[in-house]
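Number of protein chains: 2
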Amino acid sequence: MSMPWAGGCRFDLYNRGFMPELRKDPITGRWVIISTDRARRPSDFKQESVLVTGARFCPFCPGNEDKTPPEVLAYSTEGLRGNSRWSLRVVPNKFPALRVEGDLDRQGEGLYDRMNGVGAHEVVIESPDHMKTLAEMEERQVAELIWAFRDRVVDLKKDRRLRYVMLFKNHGEAAGSSLEHPHSQIIALPVVPKRAQEELDGARKYFDFKERCVYCDILRQEVRDGERVVLQTEEFLATCPFASRFPFETWIIPFRHDSHFENIQEREVYNLAWMLKSVLKKMDRVLERPAYNLIIHTAPVQEPGYSHYHWHVEIIPKLTRVAGFEWGTGFFINPTPPEESARFLRD
Amino acid sequence: MSMPWAGGCRFDLYNRGFMPELRKDPITGRWVIISTDRARRPSDFKQESVLVTGARFCPFCPGNEDKTPPEVLAYSTEGLRGNSRWSLRVVPNKFPALRVEGDLDRQGEGLYDRMNGVGAHEVVIESPDHMKTLAEMEERQVAELIWAFRDRVVDLKKDRRLRYVMLFKNHGEAAGSSLEHPHSQIIALPVVPKRAQEELDGARKYFDFKERCVYCDILRQEVRDGERVVLQTEEFLATCPFASRFPFETWIIPFRHDSHFENIQEREVYNLAWMLKSVLKKMDRVLERPAYNLIIHTAPVQEPGYSHYHWHVEIIPKLTRVAGFEWGTGFFINPTPPEESARFLRD
Chain A
296 MSMPWAGGCR FDLYNRGFMP ELRKDPITGR WVIISTDRAR RPSDFKQESV LVTGARFCPF
356 CPGNEDKTPP EVLAYSTEGL RGNSRWSLRV VPNKFPALRV EGDLDRQGEG LYDRMNGVGA
416 HEVVIESPDH MKTLAEMEER QVAELIWAFR DRVVDLKKDR RLRYVMLFKN HGEAAGSSLE
476 HPHSQIIALP VVPKRAQEEL DGARKYFDFK ERCVYCDILR QEVRDGERVV LQTEEFLATC
536 PFASRFPFET WIIPFRHDSH FENIQEREVY NLAWMLKSVL KKMDRVLERP AYNLIIHTAP
596 VQEPGYSHYH WHVEIIPKLT RVAGFEWGTG FFINPTPPEE SARFLRD
Chain B
296 MSMPWAGGCR FDLYNRGFMP ELRKDPITGR WVIISTDRAR RPSDFKQESV LVTGARFCPF
356 CPGNEDKTPP EVLAYSTEGL RGNSRWSLRV VPNKFPALRV EGDLDRQGEG LYDRMNGVGA
416 HEVVIESPDH MKTLAEMEER QVAELIWAFR DRVVDLKKDR RLRYVMLFKN HGEAAGSSLE
476 HPHSQIIALP VVPKRAQEEL DGARKYFDFK ERCVYCDILR QEVRDGERVV LQTEEFLATC
536 PFASRFPFET WIIPFRHDSH FENIQEREVY NLAWMLKSVL KKMDRVLERP AYNLIIHTAP
596 VQEPGYSHYH WHVEIIPKLT RVAGFEWGTG FFINPTPPEE SARFLRD
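So the sequence lines, in the order shown, correspond to chains A and B. According to this note's numbering, numbering within the first sequence proceeds without interruption in unit steps and concludes at 642. According to this note's numbering, numbering within the second sequence proceeds without interruption in unit steps and concludes at 642.
Check each hint, because a few of them may be wrong.
A pair counts as met if it fits within one copy or between any two copies, since identical chains are not told apart.
[Stated by the list, open to error] Derived DSBU-like pairs (lysine-lysine); straight-line CA-CA distance at most 30 Å:
hint, residue 1, residue 2
1, LYS319, LYS453
2, LYS389, LYS452
3, LYS427, LYS453
4, LYS489, LYS389
5, LYS319, LYS489
6, LYS505, LYS572
7, LYS489, LYS505
8, LYS576, LYS452
Keep in mind the hints are simulated off the structure, nothing from the lab.
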């Protein structure tokens, strides 16, 4: 934390003499400080709960379909709901960060490089129901979100200019979401983002050295150790990573090795839906309905399957502000050891 | 922005057909989206102004010196102020993220690496005056902060275990500061943080290719172009970088090449004090007293002078939330082109 004096109530902790610890993320090589001397319980985090009020006009609600651009994908569960026949819609973002039109044009300007923003920016309207969060939806509905992510990647990757597809969800205002109605986002880019590339490079280095996938090794070690495990099914492990950057950061990793999310199998889709819902429900309970970011980490879409990379989901509840310390340096201070976070979520 | 529907008031912008643009940071290789089609004026940012109220008990105010650990450095302007003889104090953080005690101990645990948190975490109390922000202080006082940063680095680098010293300031709650009284922070680490290493590596690659420092090249190009310049003095250039991650992000770069901040010369200290104060005053005026992070980027302290790296200051006003899009991917979407930001700050 970058708060030098976080409050008198923790003066007692000051004298216990725990030693802070530096941990290295085995994939990116990023060091994180785990300040075990001021381990925090969920109740120590000041934050705003995300409460859905449903008060105002919503462009994502049934009946307002004309307020969004035409769908690029829609699922339907015919007649299950009165005035609505769709159960999920994917529409282009009305204010896109990127546009599909135009040719990819790279230019120099002195020592600088620029490129026009060719790409796609879409919104997944996860359900006709304005009020239900992902944690509260039926499993069937969560599975539809996963199918929609997959179907859109399969479609977008046909455009050979697009090299990376980001699949993510911001839940709650603190996580950057400005609309209540449950929705996720898809951004397809003509470049591989630096963080994604770093993760890919780190995983490749490990593979070159050990001839094993680092994520497969993590799965084995976490299952054996158990102390950072949140939930385990046949298909997935939910775990708080060893070098967690944030309190209650949770990764969901498939046991079956695959570098590309879009190769997800039917059984895995339903298993992941259950897993996602369960983890988010646990977070809602332990952290009182926190805002969160959920991101699918996957390999660049135009590349063949990698032995060294392994797709997975990262969920980061927004509990503490990320301050200058982290910004300037990429160095994170996490006040809650992941072993503690996992224990709170497990119990 | 990760807000798919940011409000009906910008529907008119939607049809103008500006093209978003991807820009590459020449140092780190990071791509940034500059969404020029929704260029934002300062008044478009919702944010909280940082107003100093001075209401509660403050451990940094004169008379409460016993509420902080003993000083590691203090400056004095004898008797200038009634009941206080110090003008600046540096004290160890009462809840440090790192501790100086103990040997550096690296350990493996299966595939993971950990190290005990040896290091230093100090607080610079910039002034006895609770109410004056850095933008409002006398230049002399701002210069003392720069001297204190320098003096502490010179002292800390004697400990050969410490490889990197982070010098930064979080101003306002939105930037992660929990105390009003003007203060900065110093963190000395036994490792080089990943972001710092990336910047160093990127700068080295450029140097290997061109045999010129990338920052020196940036200085030349920015002075020639002029459109991203905020302020220019004999010693420093303040500029909004080409691939700005954030609206109104501003870098202050010394014209004299040096990789290590602690080699700053007396003339430069006073020039930088004026520059810092001026830039922060401009931000206060244009952005209505924003929260901000200020970070000194410098080379690892145990290393000799680098031809390829160039210390500088980065100031990032906290105007928009960084949401899942940026988190998961290290990919930034900046709604305000740096040319616009520079123009607003300049005028």
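Quick rundown of the hints versus the structure:
no.	hint	verdict
1	LYS319 with LYS453	between (37 Å within a copy, 25 Å between copies)
2	LYS389 with LYS452	within (21 Å within a copy, 52 Å between copies)
3	LYS427 with LYS453	neither (33 Å within a copy, 58 Å between copies)
4	LYS489 with LYS389	within (26 Å within a copy, 36 Å between copies)
5	LYS319 with LYS489	both (19 Å within a copy, 10 Å between copies)
6	LYS505 with LYS572	neither (35 Å within a copy, 52 Å between copies)
7	LYS489 with LYS505	both (24 Å within a copy, 23 Å between copies)
8	LYS576 with LYS452	neither (33 Å within a copy, 48 Å between copies)
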